Structures are given as C-alpha cells and as structure tokens.
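What follows is the residue order along each chain.
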Amino acid sequence: MHLAVLNLHIPPGLIFILGALLIPAFRGRVKSAYMMLLPVLAFLTLIYTPLGQHWTVDFLDYELILGRLDRLSRIFGIIFILISLLSVVFALKVRDDVQHTAGLIYAGGALGVTLAGDVFSLYVFWEIMAVASAFLILARRTRASRAAAFRYIMVHIFGGLCLLAGILLYVQNTGTAAFSLMQLSGADGILIFIGVAVNAAIPPLHPWLPDAYPEATVTGAVFLSAFTTKSAVYVMARMFAGTEVLIYLGAIMTAIPIFYAVLENDIRRVLAYSLINQVGFMLCGIGIGTPLAINGTVAHAFCHILYKALLFMSAGAVLHVTGKIRCTDLGGLYKTMPLTALFCIVGAASISAFPLFSGFISKSMIISAAAHHKMAIVWLVLQFASAGVFHHAGIKVPYFMFFGHDSGIRAKEPPFNMLAAMFVAAFLCIFLGIRFDLLYALLPYAADYAPYTGAHVVGQLQLLMFGALAFCLLILSGKYPAEIRALNLDTDWFYRKGARVISRAADAGLNGLNRICENIFAVFLPTCLKRFFDSLPVFVVSAFYGLSAADRWPDTGRGADLTKSRKTDIAVRAGLLPVGIGPLLAILLIVGLCLKIYLF
Amino acid sequence: MKKELTIFDKPRNVRILLVCFYISLGVLLIADFFIHKHAAFGWEAYPDFFAAYGFISCVLLIYIAKLLRRLIKRSEDYYRDGQ
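Taken in order, these protein sequences are the chains called A and B.
Taking this note's numbering, the leading residue of the first sequence gets 1, the next gets one more, and so forth.
Taking this note's numbering, the leading residue of the second sequence gets 1, the next gets one more, and so forth.
Chain A on its own, in the form it takes in the complex (with noise of 0.2 Å):
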C-alpha cells in the first residue's frame, strides 16, 4: 500500500481540530493510538499535498484559503506536526481529555495559521489558538494557574482585537484578503504588527510568556513552548520580511531576556525567558530579510521547536516525578535520572549552538547574514546573546537540576513515553547538527550555506568555552548570583500593579461620579423640590393675605409666642385660612385666562 492514500485531502489543521473532538470518546490503548495517528494524518496530508492553492471557500466578496502552500508554509507545516506528535507521545499517560483535545486543538490552530493564504482565515486560526492554549494553563487547575491563565487570555484577547482592527482597515483599504508581504506604514500594517508582536512576545509585550507558561501543566508547557511565538515569527516572515525595525527589536530580545533568565529560580520561566531571547534571533533574521536570513530564521525556528520542547520535556519531567522545579529545591538529581539528565543536556547543547547540536547550523546562518550587511553593532549584540544563551539555558538549567548541590530527592526516571519522546527529541536535535544538508533542502530558498567551517567552528566553541570558563570561576568563587525564592519585576508590572490603579481609580472616579449624581439627583435636587412645594402655598398665601392667618392667631395659649411666617404656616397646612386654598387658585385661574386672552 502506498501511503499516499492516506492522504485525506482535508486541511491538516481541520484534521487535528475536528479529530480532537473524538479524543473523550475513546478510553485505552485505543486512545492513546488515536492521539498519534491524528499528527500522522495530517503529515501524510501535508507531503501528499502539492505545492499551490488549496481548499479555497466563498466567503461574501472573498475567497478563503485554508491551504496555501509554499516551500515556507510547508516547512512550518512540518514541524508543528512533528513537533505534536512528539508532546502527544510525551503526554500519553495523562488521564485528562482537556488537556488532550486542547493541545491538539492548539496545534490545529497553528496548523491552520500556517497554510492560512487569506487574512479571515488566519484570524480565525489565531484565536482558535489562544482559546485553545488558555486551556493548557488552566488544566494545571491550581489557584496561581487560574489567575495566570487569566491574564494570559487578557493579553492575547487584546493582541488578537488588535490584529482584527488591522485585518478590517486593510481588507478596507486595499480591498483584497491576501495574507501576504505588506508595508509597516498606515494604521493597518501598525495594527496587525503589535497584534502579531503580542503573540511573538517582543517586549515590552513580552511578560505574559514567562507568566504564563511555567503555570501550566508539566505536558502543556512543551505544547505551549511550540506553537503560539514561532507562529507568530510565521506570520512575521511572510508580512513584514525585511523590516528594519525588526532587526533592532529582535536584538534587544536576544539581550534583555538573558538577565532575568540569570536571577530566575523557576527552572521553566528560566526556559521561557531563554524561548524570548531565541525567538528574537528568528526576528531578526526577517527583519534583515536576504534570502540567508529568511533561511536562517526559518531553519533557526525549525530547530529551536525541537530543543525548546526537549528542555520543557525534560524540566517537566523533573516536576512530574519530584513536585519541584526551582533551582533552590533541585540538584544532584543526575544519580537517579541519569538519562533525563543526558536528554537535558542534549537539548542545553543545541540551545547553545554547539557544533554538532542543531542550534549551532541555524543560528549561525542569521549571524552570518548580519555580518553580510556589516551591522556592527546587532552582530555584536547577537553574539554576546549567544554566549548569555549557553550561559543561563546551556549550563544553568542541567546544573542546577541535575548537579550543583544534592537536594538529597532520589526520583526515578519518568514513565517510558516521556523518555521516548525526549530521546526522538534529542536524537533528531544531534541528527540535524550533522545532517544539516537535509533540512537546508527544505528551506525557503536555495541554500549553499556551509556551517561548518573552521572559523565557524573554533569561534564559537571559543564564545561557548570561555564563557563556561567565567561561569566556573564565578560559581567556584562564590560570585555567582545565588538562587533565591524571589520574584522578578518585568513589564506585566504594568498590567498586574496597573490594573489595580486602574481598579481604584475607577472606584475613585466613576464611583465618585455615582456618589455625586446621587447626591445631586437622589438627594438634593428632591429636597429641594419638597421644599419649594411645601412653602409655596404658605408663599402665596401669604402673599395674597398678607399675614391675616397669623393676625388671628389667638394671643394666648399655644403657640403664641412663634414667629409670624410660622403661624401662618401651620394655619395653612392645617386648613385655618379664612378663605379655602380652592378660591385662591380659581381666582389665579381666572386671572391666568384674562391675561391670556389680553396679550394674544
């Protein structure tokens, strides 16, 4: 049997959603065989499919295009399946059907947003995702889950309104649907930016990754690790390629995120911070834009998928089977989980660019385009992000997890599917170190980039080597930072500490306003109306009858000694008036009328 019958002629993002759907239905083994043949569908459907236009539906005035595919669709299209039948495999045993129809509903999302060829499409696909993905956060279902979930989808609700704004105003504006290149220029292309830069985490709107992602289940977070940034760096790629403003925003988020990745105690927020400092080398590769660039990118995020989701599998393992994942609670856990720790490592080595690792064949690509173009000053700054990135993600994370001081816990190894799919994880981490040729096949453009030459080599190796040598000295001395139970200061300090100014703000003024129009309206404004209507007969009878009703106030007994206007108050309210209130008004009538019909 040929395996191109498998092909399902349906777009694999449809494949994964409405597949996801099935997955409560099933219990077992049966289960489990359903979830990983889902990924193996789609990618039969994906490489069966020929290059080109497919699945296009009549949408009012426009076409919707749920398969648009090109050499840079195509390769995104391939390692989101890859990359979720591996969480799919490093999940198995979790007995919670959210957890497994929301990330594959998730990774349907990215799917869809991938061979998205219209923008409707593509909106649609975005948010499925960010709903999808807030599930993974909540299925932790812990308190600081749940408020951390919440602000998760807080974010990217106001990411995706803004994507929605830019995609109606250009639609409007160019009256086409094409999810193609356009111009950072104009309110739309700025829209859709920041709606795009929101879910690619380029700071400031960066906080929500390293708030988030370490909330969420120990499965979820290399579910979460894949999808949502390099999707976002998808997008990136084929709107706004050559962007200068990217090349520099992509720096500073290889620099800055490094710091905080240095003081974190939380083993998977340091890998998030380090996912930040990673998706800035891909950014600014599409803001350079050459063809090596938009190679190095695409190959950088196609390797980084795999290492990034190595590390959270192994840092997620760890919490699977101690409960603990910061740095102040782990160490020496290598004498019980010695083949997680060499999965750790694997995936250290290629996050830090190693020859021989994956990283090393992609990251320099990007690094070599910024020397191209003789940018001094971003090459130099890339370059210290790579010695930061071995720095905090290479030595850092298995150090302190896997060696470092003896916490004294004796763990096991986690269950066999989690360490088969960190072993496929690492296995295809080295294979595409050394076989780089195979996937620079696969590449947007033609590619004859040689990595390994012996500039390449021994430059970077001496980068990665002398900056293991500072880190050796510093801990060895006692320099370096110690780990501590903290939290850090990033820019969610704004929304976090921001929403509650924003809270009593509101509580001082529009409660204040409330108060105020009570007072106005509820309060004075009918005290005063009472007031008048009470003295106005006691006005007008006085008025017309003088004080009379006062004049024949008996001058002794009670009463005698009150004030006149006070007499003749209560000889009104209490009907004492020589003549009735009714002729009074009778005669205002009537003298009403004359006067009506004299002047008209």
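No lab work stands behind these hints: they were computed from the structure.
No experiment lies behind these values; they were computed from the predicted model shown.
C-beta: ideal position from N, C-alpha, C; glycine also.
Dumping the calculated DSS-like pairs for lysine-lysine here, alpha-carbon to alpha-carbon at most 30 Å:
#	chain 1	residue 1	chain 2	residue 2
1	A	K412	A	K93
2	B	K10	A	K479
3	A	K93	A	K31
4	A	K93	B	K3
5	A	K567	A	K530
6	A	K374	B	K37
7	A	K412	A	K31
8	A	K324	A	K93
9	B	K73	A	K479
10	B	K66	A	K479
11	A	K497	B	K66
12	A	K324	B	K3
13	A	K497	A	K324
14	B	K73	A	K324
15	B	K73	A	K497
16	A	K412	A	K324
17	A	K412	B	K10
Just some of the chain B residues that point at chain A, by a computed CB distance under 7 Å:
#	residue
18	E4
19	L25
20	F50
21	A51
22	F55
23	R74
24	E76
25	Y78
Following the hints, complete the assembly by docking chain B onto the known chain A.
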C-alpha cells in the same frame, strides 16, 4: 532502592573534569592561530577574539544581572496580596 550514580561526588573525578576542561580551553586558544579566517569585521581577525568576547560577555552578564536584581527583586508574594 535503585543504584545511584555517584561519579561527581568524588572530588578526584571533578578535578579530572576540570583539568580536561582547562586543557580544551588551551587547545582552542592555540587552534585559533591555525585556521583561515574570513572576517567581516576587523576585530574578528584578532587572535582569540571570540574567547575574550565570550568570557567578558558572561562576566558582564552576571555582574549586570546582580545589579539588576537589586532593582527588580520582590518577595514571591508580591502580586498575591489583595488577590
């Protein structure tokens, strides 16, 4: 109880590891003189530029991070009050 690995508990092994590490650093410093360089920037051609840059980068990274910590460190309950 499963058998434990204890290779890094012995100071001798750690010493051997460190010696290997230092030797590899020496080899890298020397190797730099024997490779053909195609430098895009003038400084790339300096001998052992990358070694110096990597070392200085990491030391700077740590010291700046230590300064940064004074500014941004808060208690773990910082955001929790009043929630």
